[in-house]
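Taken in order, these protein sequences are the chains called S and L. Taking our numbering, the leading residue of the first sequence gets 1, the next gets one more, and so forth. Taking our numbering, the leading residue of the second sequence gets 331, the next gets one more, and so forth.
Worth flagging that the hints you see were computed from the coordinates, not collected in a lab. For every residue, glycine included, the Cβ atom is placed at its ideal position computed from N, Cα and C. Take the hints with a grain of salt, since some may be wrong.
Stated by the list, open to error - Far from chain L, some chain S residues (derived; all Cβ distances over 10 Å):
{"hint": "1", "residue": "Ala132"}
{"hint": "2", "residue": "Phe133"}
{"hint": "3", "residue": "Val174"}
{"hint": "4", "residue": "Phe198"}
{"hint": "5", "residue": "Arg259"}
{"hint": "6", "residue": "Leu290"}
{"hint": "7", "residue": "Ala302"}
What the hints assert, rightly or not - Within a straight-line C-alpha distance of at most 25 Å, the following computed DMTMM-like cross-link-like pairs (lysine to aspartate or glutamate) qualify:
{"hint": "8", "chain 1": "L", "residue 1": "Lys418", "chain 2": "S", "residue 2": "Glu216"}
{"hint": "9", "chain 1": "S", "residue 1": "Lys88", "chain 2": "L", "residue 2": "Glu546"}
{"hint": "10", "chain 1": "S", "residue 1": "Lys52", "chain 2": "S", "residue 2": "Asp70"}
{"hint": "11", "chain 1": "S", "residue 1": "Lys123", "chain 2": "S", "residue 2": "Asp70"}
{"hint": "12", "chain 1": "L", "residue 1": "Lys442", "chain 2": "L", "residue 2": "Glu415"}
{"hint": "13", "chain 1": "S", "residue 1": "Lys258", "chain 2": "L", "residue 2": "Glu468"}
{"hint": "14", "chain 1": "S", "residue 1": "Lys258", "chain 2": "L", "residue 2": "Glu489"}
{"hint": "15", "chain 1": "L", "residue 1": "Lys588", "chain 2": "S", "residue 2": "Asp304"}
Stated by the list, open to error - Which bits of chain L does chain S cover? Going by a derived footprint, with three or more residues having C-beta under 8 Å, they are:
{"hint": "16", "segment": "337-350"}
{"hint": "17", "segment": "554-568"}
Residues per chain are reported as follows:
Protein chains: 2
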Amino acid sequence: MSLIALTLGDPAGIGPELVVAAWQAHIAAKNAPADFFVIAPPEVLLPMLEAKGLSARILADPQTLPEPGDTCLPILDCGSYSGFEVGKPSLASARIAWAALETASTLARAGKVQAIVTAPVAKANLHACGFAFPGQTEFFAHSFGVAIADTAMMLAGPELRTVPLTIHIPLQDVPRSLSQEHIIRQARVVARALARDFNITHPRLAVAGLNPHAGEQGHIGQEEINIIIPAIGALQAEGMNISGPYSADALFSSAQRKRYDVALAMYHDQALIPIKTLSFEDSVNITLGLPIVRTAPDHGTAFDIAGKNQACPRSFLAALAYARTCLDNR
Amino acid sequence: MSLIALTLGDPAGIGPELVVAAWQAHIAAKNAPADFFVIAPPEVLLPMLEAKGLSARILADPQTLPEPGDTCLPILDCGSYSGFEVGKPSLASARIAWAALETASTLARAGKVQAIVTAPVAKANLHACGFAFPGQTEFFAHSFGVAIADTAMMLAGPELRTVPLTIHIPLQDVPRSLSQEHIIRQARVVARALARDFNITHPRLAVAGLNPHAGEQGHIGQEEINIIIPAIGALQAEGMNISGPYSADALFSSAQRKRYDVALAMYHDQALIPIKTLSFEDSVNITLGLPIVRTAPDHGTAFDIAGKNQACPRSFLAALAYARTCLDNR
C-alpha cells in the first residue's frame with residue numbers, strides 16, 4: 001500500500017489545525033484504512049487532540065498504521081520542539097517546520113512514503129534558521145536531486161489545471177525570464193506528469209500569451225513571436241498536443257477550458273488569478289516532476305487566525321485527495 | 331427622454347448582426363418605447379432586415395423615433411457606403427465604421443444623443459484610412475476635449491467591476507507606465523463615475539498589487555512600496571474609500587468581491603482574466619469620464635463568423651442595458 005506523510009508546516013500557523021482536520025475527516029469516513037500519518041512533534045498535537053476527545057499513537061515505524069476504525073492519530077515525531085506561541089511565527093516554530101520536512105524527505109528517499117502533503121511554512125523565519133531554499137518545492141527537488149527547472153508547480157481545482165512558468169519574481173523580471181528552452185523543458189515536465197499522475201496519456205496543453213491579446217501579431221509585444229510560438233512549434237514537432245499562444249483573458253472562460261487539459265501561464269498571477277477566481281477554497285498546489293507525489297494547499301500559514309478554529313481545511317483536504325488520486329494513477 | 335445611438339462598427343464584421351439583434355430584442359419587449367436608433371448606411375442593414383421580415387425607417391432627425399409597437403428599425407444614414415464584402419475587412423468597410431463614429435460624435439456634442447453604444451471596429455484598416463486614434467475610446471475622448479488620462483476603461487459584468495490602469499501595452503512596459511500620479515488620477519475618474527453613473531455615492535475601491543503576493547513587503551518587487559501604497563495613502567487622505575494593494579490572485583475570489591465596488595488592476599490581463607473567467611458573454615466595456623455615456627461589448631469584430639448568424643449578441647445587449655442604467659442614474 002502507498003503511504004502518505006503530512007508535514008505539520010509552521011506550528012504557529014494553521015498547520016496543526018489542518019492535519020487534525022484531515023484526521024477528523026478520516027474518522028468520519030468510517031472504517032477507511034489509514035493511508036497517512038503526520039510528521040510533527042507530539043507536543044504540538046496532543047493538547048489539540050485531547051481538547052477534541054481524540055488521542056494519538058506515536059509511531060516507531062510509519063509502516064505500522066492504525067487498523068480501520070482506530071481513532072488514534074498516527075504521529076511520527078520529528079523532534080525539534082522547544083515551545084512556541086500560536087499565532088507568533090518564530091525561529092522555534094520554523095525549526096519544527098524544517099524538521100518535519102527533513103523527516104519527510106528522509107522517509108521518501110528510503111521508499112517508506114510515496115506521497116507528501118505539506119502544510120504551509122513561513123519563509124522568513126526558515127531562512128533566518130539557515131534553510132537554504134526559496135520554498136518547500138525547491139527543498140524537495142534538491143532532496144531528490146531533481147533540477148528545479150525539471151519540476152513545475154501545477155495549480156489544480158475542480159474546473160482548471162494551470163502551470164505558471166515563472167513564479168515568485170517581480171513582474172518586471174518576467175519577460176527576460178522566459179526562453180524557448182524554459183518553455184520546452186517545462187511543457188515536457190507537465191505532459192509527462194499528466195500522463196503519469198493524472199492518467200491523461202496524450203494531454204492537451206494550451207499556452208497563454210504574455211502580452212495583451214497574445215501580442216496581436218507583434219503589435220503589443222514581441223515575446224510571442226520570438227519565444228512562445230517557436231517553443232510551441234518545437235514541441236508540436238515532438239508530437240506533443242500543444243497549441244497557442246492564446247489571449248490570456250479568453251483562455252480561462254468556460255468554453256475555452258473544455259479544450260485543454262492544462263493551461264501553461266507565463267507568470268504567477270496569470271495562472272493564480274483564474275484558479276482562485278474559479279475555486280478559491282478547493283484548489284491545490286501540486287509539484288510535478290518529483291519521484292514522489294507532493295501536494296499542498298493553495299494558501300499560506302494564516303498566523304492571524306491560527307488557534308482560533310477559523311481555518312478552512314478544504315484546500316488541505318483537497319491536497320490529500322489529489323495525493324491519493326495521483327498515487328492511484330501511478 | 332434620453333436617446334441612445336448604436337454605431338454599426340466595421341460592417342464586414344458582426345456589427346450589423348448585433349444592431350439587428352438589439353432591434354429584435356426591442357420588438358420582443360413589446361410596446362417598449364424606442365430609446366435608440368442605429369447610425370449606419372441603410373444599404374448595409376436593409377437586406378438583412380428584409381431577410382428577417384423586418385423593415386427600417388430612415389431618420390431625418392434622431393428625435394423622431396418610432397411609436398411603441400412600430401417594428402421599423404430607425405436608421406440615421408452616416409453615408410460613406412461604397413460596397414464591401416462580409417467577412418473581409420477593407421478600407422471601404424473601415425470608412426463606414428469611421429463615418430458612424432463621426433456622426434455619433436457630432437450628435438452627442440450637439441446634445442441630441444446622451445449615450446453611444448459602439449459595435450466593434452478593426453484598428454488596422456481604420457489607421458490605414460487616416461483615423462488618428464488608437465481606438466474608439468480615444469476618438470471619443472478627443473471629440474469631447476477630455477484628456478485620455480481622465481477617462482478610464484471599466485469592464486463590468488454580473489459579478490465584478492474592474493478597471494485596468496494600463497491597457498494595450500506590452501507587459502514589459504507596464505511597471506514603468508505606473509506612477510502615483512496616474513493611479514491617483516484614474517482612481518478619481520472611477521470614483522466620480524461610480525457615483526454619477528452607478529449611483530454608488532461613496533464607492534469602495536480595491537487596488538491590486540503589481541507583483542505576486544502584492545510584492546510581499548518588497549521581497550518580490552518594489553512598485554507596491556514606491557508607487558501603489560503612497561497613491562492609496564494620498565487618496566485616503568482625500569476621503570476616498572480605497573484600500574490595498576491586495577494580492578491579485580485572491581482579489582477576485584467570491585468572498586473578496588463582496589468587499590468592494592470596483593477593483594483597480596495594474597494591467598490589461600489582471601483585469602480581463604477575472605472578468606472573462608467569471609462571465610465571458612455578459613461583460614461590457616464602459617468608458618468612464620466622458621460627458622456622455624459610452625458602452626461597448628467586450629469582444630472584437632469576429633470577421634471569421636460574420637454574416638453566418640453565429641454571433642452571440644449577449645455582450646452587445648448587455649452594453650445597451652448598461653447604457654440605459656447609466657442614463658437612468660444620471
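Tested hints:
{"no.": "1", "hint": "Ala132", "verdict": "holds, 16 Å"}
{"no.": "2", "hint": "Phe133", "verdict": "holds, 15 Å"}
{"no.": "3", "hint": "Val174", "verdict": "violated, 7 Å"}
{"no.": "4", "hint": "Phe198", "verdict": "holds, 22 Å"}
{"no.": "5", "hint": "Arg259", "verdict": "holds, 13 Å"}
{"no.": "6", "hint": "Leu290", "verdict": "holds, 22 Å"}
{"no.": "7", "hint": "Ala302", "verdict": "holds, 12 Å"}
{"no.": "8", "hint": "L:Lys418 / S:Glu216", "verdict": "holds, 18 Å"}
{"no.": "9", "hint": "S:Lys88 / L:Glu546", "verdict": "holds, 18 Å"}
{"no.": "10", "hint": "S:Lys52 / S:Asp70", "verdict": "holds, 15 Å"}
{"no.": "11", "hint": "S:Lys123 / S:Asp70", "verdict": "violated, 36 Å"}
{"no.": "12", "hint": "L:Lys442 / L:Glu415", "verdict": "violated, 32 Å"}
{"no.": "13", "hint": "S:Lys258 / L:Glu468", "verdict": "violated, 36 Å"}
{"no.": "14", "hint": "S:Lys258 / L:Glu489", "verdict": "holds, 22 Å"}
{"no.": "15", "hint": "L:Lys588 / S:Asp304", "verdict": "holds, 21 Å"}
{"no.": "16", "hint": "337-350", "verdict": "violated (count 0)"}
{"no.": "17", "hint": "554-568", "verdict": "violated (count 0)"}
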